[in-house]
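Model the full structure from these sequences, guided by the hints.
For the record, the sequence lines run as chains A and B. Taking my numbering, the leading residue of the first sequence gets 1037, the next gets one more, and so forth. Taking my numbering, the leading residue of the second sequence gets 224, the next gets one more, and so forth.
Treat the hints as calculated values from the structure; they're not laboratory data. Note that the structure is a prediction, hence the values are computed from the model and not measured. The hints are all genuine.
Not everything, but these chain A residues come out facing chain B in the computed CB check (under 10 Å):
hint	residue
1	Lys-1074
2	Val-1075
3	Gly-1077
4	Leu-1079
5	Arg-1082
6	Leu-1083
7	Thr-1283
8	Pro-1293
9	Val-1381
10	Ile-1385
Where a beta carbon is used, it is the ideal one built from N, C-alpha and C, also for glycine.
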Amino acid sequence: MTPDMTLTQTLVIALLQAIAVILLIFIIVPLTIFAERKVLGFLQQRLGATRVAGGHVGITGFMNKRMWGMGKLPFLSYWRGIPMLVADVLKLFIKEDIVPTKADKWVFLFSPALSMIAAITVFAAVSFYPGALFHFPKAFPLIGGLPFNGVLADVNAGLLLILGIASVGVYGIVLGGWASNSKYPLLGGLRSAAQIVSYEVPLTLSLLAPVVLAGTLNFNDLTRRLATELPIWAVLPMIVGFLIYLTCGFAECNRVPFDMPEAETELVAGFHTEYAGIRFALFYLAEYINMMVAAAIASAFFLGGPFLAPFGLHKFLVGVPFLGAPNALFMVAKVIFVLFVFIWVRGTIPRYRYDQIMAVGWKYLIPLTLVNLLAAAAIRFAC
Amino acid sequence: MKNFLKTLIPIDIAKGLALTGKRFGQVFFTANRRKVRLHNTEEYPERPVQVAPRFRGRLQMLKDEAGEVKCVVCMACQKVCPTGVITIEGGKKEGRKTKLPVRYDFEMERCIFCEFCVESCGFDAIILNHQFELAVYDREDLSIGMDGAQNMFVPSPVAKFSVADEE
Chain A
1037 MTPDMTLTQT
1047 LVIALLQAIA
1057 VILLIFIIVP
1067 LTIFAERKVL
1077 GFLQQRLGAT
1087 RVAGGHVGIT
1097 GFMNKRMWGM
1107 GKLPFLSYWR
1117 GIPMLVADVL
1127 KLFIKEDIVP
1137 TKADKWVFLF
1147 SPALSMIAAI
1157 TVFAAVSFYP
1167 GALFHFPKAF
1177 PLIGGLPFNG
1187 VLADVNAGLL
1197 LILGIASVGV
1207 YGIVLGGWAS
1217 NSKYPLLGGL
1227 RSAAQIVSYE
1237 VPLTLSLLAP
1247 VVLAGTLNFN
1257 DLTRRLATEL
1267 PIWAVLPMIV
1277 GFLIYLTCGF
1287 AECNRVPFDM
1297 PEAETELVAG
1307 FHTEYAGIRF
1317 ALFYLAEYIN
1327 MMVAAAIASA
1337 FFLGGPFLAP
1347 FGLHKFLVGV
1357 PFLGAPNALF
1367 MVAKVIFVLF
1377 VFIWVRGTIP
1387 RYRYDQIMAV
1397 GWKYLIPLTL
1407 VNLLAAAAIR
1417 FAC
Chain B
224 MKNFLKTLIP
234 IDIAKGLALT
244 GKRFGQVFFT
254 ANRRKVRLHN
264 TEEYPERPVQ
274 VAPRFRGRLQ
284 MLKDEAGEVK
294 CVVCMACQKV
304 CPTGVITIEG
314 GKKEGRKTKL
324 PVRYDFEMER
334 CIFCEFCVES
344 CGFDAIILNH
354 QFELAVYDRE
364 DLSIGMDGAQ
374 NMFVPSPVAK
384 FSVADEE
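Here it is as C-alpha cells:
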C-alpha cells in the first residue's frame, strides 16, 4: 500500500488483481489439459483428440445430423477436438460426488480444497511484470488513475512466501489419502509425502543459487537483477540450477517421470482413488495449477521472466527498442514454453522406480545443488 | 566413475527428448494435410482404413477367370479347422474333371480367424479378405453359405457407423 492510497482503494485493486489472476488460471489450465492431449498425441505420432461426440440430441446433435447429411464433418463437435477444452472440465463438474461410508468425512471433504487453496494462493506472490501493467482511466469512480500492478502482493520475502505456501499442498494429498480409509490412497499419500519432502530440499537449494547471485528475496528486484546485473560467469550456475529446478519441479507436481503418488500401474490412482466428481476435479486442477506455478517460477528465476534473454544474459539486450524492455507477454510465453516442456518430458521419459526416485533425489540432486550453490557464491564473491 | 558421469549428465534423456521433439514437429505441421501423413493413426469412421496385407478378415471363396469355383472339395480346410466352422459337401458337374462344392457353409460365430484353412488349401481357392467391420444385428447373418444375398463369394455388407447412414 503506497502512502497516497486509502485502504479501500488498495483492497478494491487487490480484489481486481485477484480476479484477474484467477481468470488467467482458469484460462490457462483448460488450455494445458487440452494441450496435454494434443501434444502428447503428436509426440507419439498420433493425432490426439479429434472429436468430442457424435451426439444425437440437442443443438449439437441437430447440427451433427445436418452436417453429416451434407457430407461434411460436423465442425461443432469435430473441429480438431477443440470442444474438448470445455468437455474435459464440464465432465469433471457434472459427475456424482461420492463420499465413502467409512471415510473420515470432514478431512475427506476438506483436503481437496486445501490442495487447491495452496495452489492458487501461491500466485499472490508471483510477479508477471515489474511495476504497473496499466493505470485505470480517470473516469473510474474510486480507483481512477491508480496503477494495476503485475504482481498481487509485492512482499519483500516473496520467494519465502511461495515456497512456504507451496509446501502446504502436500497436506491435501496426504490427508486425502489417509481420510479415504482405503489402502491404495493411503499408500499413495505416504509415497507422496516422502517424495515431496525429499524433493523440497533440492528444489529450494536450486532456487538459492539465483537468490545468492541477486542478493534479494523480493520477486521483482530478483527478476530484474538476475536479468540485467549478473556477471557473465553466472550463466553456468543458472543453467545447472534451471535443469535441477525443472527436475524437482516434475517431482513436486507429481508429473510423469516421478508420478509415484498416482502410480496407475500399482496403486489404481493413488491418493485420489476414492474421489469423484468435483472433489477429484479440485485435485486435478490443483495439479495443473501447481504446474503453472512451477513454470512461472522457472521462467522468472532462470529464464529471465519479463526480460527476454534467459540465464542473466539480458544485459546485452538493454536499450534495444522492443526486445530490451520488460514485457508481460515474454513472461507468459516463457510460462507456456515451460508447460510444453512438462508435457514433452511426460511423453518421452518412462517412470522411475520408487527407490530410484529417492536415490536420484538424495544421492545426485542434493550434492549437485550444493556444488551449484557454492559456485554461485564464488561468482558472487569474485565479481 | 563412468557410470556416475552418465547419471550426472543426462545425455540419454536429451537424445530421447530430441527424438520425440522431432516427431512432434513433424506431426504438428502435417496433421491437417491429407497428402503428407506422418502420424500412424487413422481417423477411422470418416476415412477408410488401409489394413496390412497379411490382415486376417472374413473367409471368402475365389473363382477363376472363367467364373468357375476354384475349390475342388479336398476337405483340407474342414479337417484342419480347429473350431469346425467349415462344412463342405461335394458334387459333380458336366465338363469339369474335379469335384465341385454344392454346399460350403461357414459359421463366423465360432471362427477364430487363424488362417489355417487358407494355409492348408493347395489350390488357392479361399482367402481371408481385408474386411473387419463384421458386426451384425441378427445371429443368422453370421452363417454364410454359397447362395443367398450374403454368400461366400462377396464381402459382407458393411455395418452402419454414423448418424448420416441411418437416414
